[in-house]
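Chemist: Read off the chains here:
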Amino acid sequence: GQSLEQPSEVTAVEGAIVQINCTYQTSGFYGLSWYQQHDGGAPTFLSYNALDGLEETGRFSSFLSRSDSYGYLLLQELQMKDSASYFCAVRDRGTALIFGKGTTLSVSS
Amino acid sequence: NAGVTQTPKFQVLKTGQSMTLQCAQDMNHNSMYWYRQDPGMGLRLIYYSASEGTTDKGEVPNGYNVSRLNKREFSLRLESAAPSQTSVYFCASNQRGTDTQYFGPGTRLTVL
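These protein sequence lines are chains U and Y, in that order. The numbering of the first sequence is our numbering, which starts it at 24 and goes up by one. The numbering of the second sequence is our numbering, which starts it at 160 and goes up by one.
Isolated chain U, as found in the complex (with noise of 0.2 Å):
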């Protein structure tokens, strides 16, 4: 079967590092995806990893390990409003991604 796991609740304090990890098993790989939701809100996308290594943008880093069918979420500096859930996605063939079930981050000052 198809299947992604990230870790259901994160927690950490204003201005340090966290890393939210995503391991997948799909029939398929085309790349691994990241999506920041905050409550109530839509999903946005953070980034994306097709081939094997970090993706840096500003304060948010996702990377990829193709042979180990994982990747991670990096984000530095943690601010207030990254408080959100977070989901890894991932298109395994055509064009549908799947997501996992989310990984809700708290941020405390």
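Treat the hints with care, since some could be wrong.
Said to hold, decoys possible - Examples of chain U residues toward chain Y, derived with CB under 7 Å:
hint, residue
1, G54
2, S56
3, A65
4, P66
5, F68
6, Y71
7, R114
8, T118
9, A119
10, F122
11, G123
12, K124
13, G125
Said to hold, decoys possible - Pairs of lysine-lysine, DSSO-like flavour, derived with a Cα cap of 27 Å:
hint, chain 1, residue 1, chain 2, residue 2
14, Y, K168, U, K124
15, U, K104, U, K124
16, Y, K173, Y, K216
17, Y, K216, U, K124
No lab work stands behind these hints: they were computed from the structure. Because the structure is a prediction, the values reported are computed rather than measured. All C-beta atoms in this analysis are idealised placements derived from N, C-alpha and C, irrespective of residue type, glycine included.
Dock chain Y against the given chain U, drawing on the hints supplied.
Modeler: Relative to the frame of chain U, chain Y by itself:
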């Protein structure tokens, strides 16, 4: 550009009633999707349309039908609503071959 729009924002139905959720995008995207989101379950794909004129089932299609009316619009229909369909419904779109999906604001549906 409005991006992806959804109507209505909120809806309450009684068991057995029918309704159609509307979605439109103005980004000229080929592909459109309907997801449902339940607490602790993430986003689950109901149906998608890879391009105008095609639709395919996702992970949880039972109880739903879709219509890709044209390139801009993709509607989701509940023929006979059930309490298990109480959820938040998101529509999304993207350019075929890319992984960046753009989501609408969601429809919060309660079935009593």
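Chemist: Which hint numbers doesn't this structure obey?
Modeler: none
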